[in-house]
Amino acid sequence: MSEPILKVSNYNIDFWVDGVWYPAAIDMNFEVKPGQVLAIVGESGSGKSTTAMGLMSLLASNARTSGSVQVKGVEMVGASATTLRQYRGKEVAYIFQEPMTALNPVYTIGFQIVETLRTHFDMGPKEAKARAVELITMVEIPNPEASFDKYPHQLSGGQRQRAMIAQALACDPGLLVADEPTTALDVTVQAEILDLMRNLRDRLNSAVLLITHDMGVVADLADDILVMKDGLTLEYGTADQIFNRPNHPYTQALLASVPKLGTVAARTLEPSEGKSAAPVLKLENVEIEYPKRGRIPAFKAVQGFNLEIYPGEIVGLVGESGSGKTTIGRAAIGLLPISGGKLEVVGQDISHASQKDLRSIRRQTGIVFQDPASSLNPRLPIGESIGEPLFLANIAKGDELNRRVEDLLDSVELPRSYRNRYPHELSGGQRQRVGIARALALTPDLLIADEPTSALDVSVQARFLELLQGLQEQLKFACLFISHDLAVVDILSHRIAVMQNGRLVEVGNRDDILKRPQEEYTKRLISAVPVPDPELQRIRREARLAAK
Amino acid sequence: MFKKKSKELVSQTGENAIANKETEGLSQGQIVRRRFVRHRAAMISLVSLIFMVLFVFTASGIHLGNETNPISFPGWWNWSITDIDPNLTVSPEGIVGAPTLDILPSFIDGTGMAIGAHPFGQDDIGLDYFALVMRGAQQSIVVMLIIGLIAAFIGTVVGAVTGYFRGWVDAVLMRFTDFIITIPAIIIGSVIGFQFGNLGVIFLATYLGLFSWTGLSRLVRGEFLSLREREFVDAARVAGANNARIVFKHILPNAVGVIIVSVTLLMSGAIITESALSYLGFGVVPPDVSLGLLISKYQDSFTTRPWLFWYPGMFIIAIALCINFIGDGLRDAFDPRQKRRITKKDRAEAKLAKARA
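From first to last, the protein sequence lines stand for chains A and B. Just so it is clear: in the first sequence, position 313 is 313 by full-length UniProt numbering, and no numbers are missing. Just so it is clear: in the second sequence, position 222 is 222 by full-length UniProt numbering, and no numbers are missing.
No lab work stands behind these hints: they were computed from the structure. It cannot be assumed that every hint is accurate.
[As the list claims (entries may be wrong)] Some chain B residues well away from chain A (every beta-carbon gap over 12 angstroms; in silico):
# : residue
1 : 26
2 : 32
3 : 49
4 : 116
5 : 125
6 : 193
7 : 206
[Unchecked claim] Subject to a maximum C-alpha distance of 30 angstroms in a straight line, what follows is the list of computed DSBU-like cross-link-like pairs (lysine-lysine):
#  : chain 1 : residue 1 : chain 2 : residue 2
8  : A       : 397       : A       : 476
9  : A       : 356       : B       : 297
10 : A       : 282       : A       : 292
11 : A       : 300       : A       : 356
12 : A       : 397       : B       : 297
13 : A       : 260       : A       : 523
C-beta: ideal position from N, C-alpha, C; glycine also.
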């Protein structure tokens, strides 16, 4: 057996906050050998990223570390700044979550790779450029020579992440630390990046420390898994052990809350609420255009879009980023004007509606936004945020309003005492509940849910979806559920619509779309979703590669 | 049903009453007021400022109107700003016109505490300096408040409207703002001062306020441009809010930090601008005084008769500090992220609760 590249033993990280040491990682023990992938999984705040940053002493100055971190046998805890600099980039390279912010926007990607190379090796500019082009070729960015001179904003999200990987691989590092490398990417792009990482590991025999919350990604790539919660190691074992025979109840719960494609029984509409009624939302040949601004030409975000939603029905709208999902959602509630076609909401034509006309449909519609941190006014206590629609619709005032707000808080399972809290005092999941409570304050006929779970942890997401489902069954509103996550849509929807580049690809009953997709794009989308089961994922991956 | 329940709760144990109090709905305004009242520095400053205003205004009385038909309410101080005392006070060291105020008790310097005939001393020609400083502070406070209010109002409204509506409203109003910025206030001031002479401090302050809102409006516009794109604005619109409500209820409280910091700086700077314009003969002209005028007049006597410099300077600093602390308190009260500092008592309580658990 070869020597481990990274050996961590009895490693602790604490942060000094308000005069108290808060532990962020407690007694960590793990090792990574060449050619091996260790995944650290856990929910947000579990200390997984902190651990990864701590390995090379990249923490803020209020942190203290103890124990031992050995990279190729050299101790890193308490090492001098010079030693650390020699090892950073050369032996241990990092890939960050958001490639747009991790790459410097004012330098070309070629320059940034060359910089890394020339910092660590005695290399001439020509040599370095040749090596950089070689690296760009290796990470499969098209036109390596031309891409060398491109700026980060000229590349797509997936290409940027590839450029980051090329930079990280510049010095043939023994260990690659990938901190949520695919979280910001679409599923199809994510599948490609994961393939690339697997290829590189096989070819270069480097070790990978993968930090992620996505069990599907873990199943796809990891050999060993370490489960973290609140800074503690709960379970450490091989992928097979963790997925098939989890010991710790938390791991079991975590795995149970991950939505899995095609495991939920079909939901059928009761006949009374079937298609006999008039549709709540009706889009006919809808076209939405972002007008030109200065030299940027007009952009058609949506064209020729047809969709109908009937009372009591949940329709999932899926597609990759930039496909126009959110645009549809915002238009359906009158936040964006449509430039062509016909849009009917709760029986009212709002294709060319003025602000005044729109006010009447506000009472019958609600929207839950993607980012709960941004959609709640930070200066308004949440009780007031929830009560605002009621207050503005002149339905309730004073004591009556207070009572309604309390009822709404009860219905989304939040304590009533939270009403005087500000949004920043709540967790992400709680904030999203507030978002739902506000959207449902007027008991709307139509609810638009725009990626409401994308900012949430899996276990929180599972509870949130349960809550939404319960409320829907109780209140019977129609819902357009926008998501990029097929598994989430699978849990909730009666019907699914698939979108690509502003056009509707396919729409049909949930099972028809997921099990018998007709269009090539839908098939590709479904096959790219990683499933949280290593064995199944391997079969799916091979099938996908064979189909290529 | 809930009402009944809450009434029952009130009559129950104290713990329940506390829980009930927590669920009592508070509006944004109520929470901001509570937080402001809890801000110790701001409350001390507010009380000091009110005390200072009362003291200053009652000391020298209120004098409005011009020389031909004055409207005067006399104050409790026995010298006015035009009364010359022919008997110059002389200190034991032999300095003429020295302050007679002695706040050190007898066990320190042996002379005991005293106010004397001219507590702040006398100026070159024997005018009572206490009367001058009181009158000056009065003028400066009026200037500061009027400039602050006018500039804050115009700047916020213009910035909010341009930032929120954009389009042609923005283009027109911002070009108008540029136009105002290009005109030096001093020049217009001296021209008006030359044409119309001394029109009094209120006119001066109003005029200055009309020219000093430009920076604030730019800042507010910038804040609004970024805040209007936030999702909570869309959420408010979906809830049925109209433009006025979105601007004043949702966006403005988020921009309050910028507005308050900018206005407090503006108000502190107003004293200086006022003395500059008064120097040019516009606004406050002798025999009337303002703190800025007193300081600029006696800046040369700092080494020989420093009290002529100290007393007006002390008042300027005290007023400016009070305004700044009040602004600080307001900003913290509006910003929910600002937490009260954890005191020893809180820590002890937390420890106790932990031990109990």
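Status of each hint after checking the structure:
no. : hint          : verdict
1   : 26            : 5 angstroms, violated
2   : 32            : 9 angstroms, violated
3   : 49            : 26 angstroms, holds
4   : 116           : 51 angstroms, holds
5   : 125           : 56 angstroms, holds
6   : 193           : 43 angstroms, holds
7   : 206           : 32 angstroms, holds
8   : A:397 x A:476 : 26 angstroms, holds
9   : A:356 x B:297 : 62 angstroms, violated
10  : A:282 x A:292 : 27 angstroms, holds
11  : A:300 x A:356 : 26 angstroms, holds
12  : A:397 x B:297 : 60 angstroms, violated
13  : A:260 x A:523 : 17 angstroms, holds
Checked against the numbered hints listed earlier, the structure breaks hints 1, 2, 9 and 12; every other hint is satisfied.
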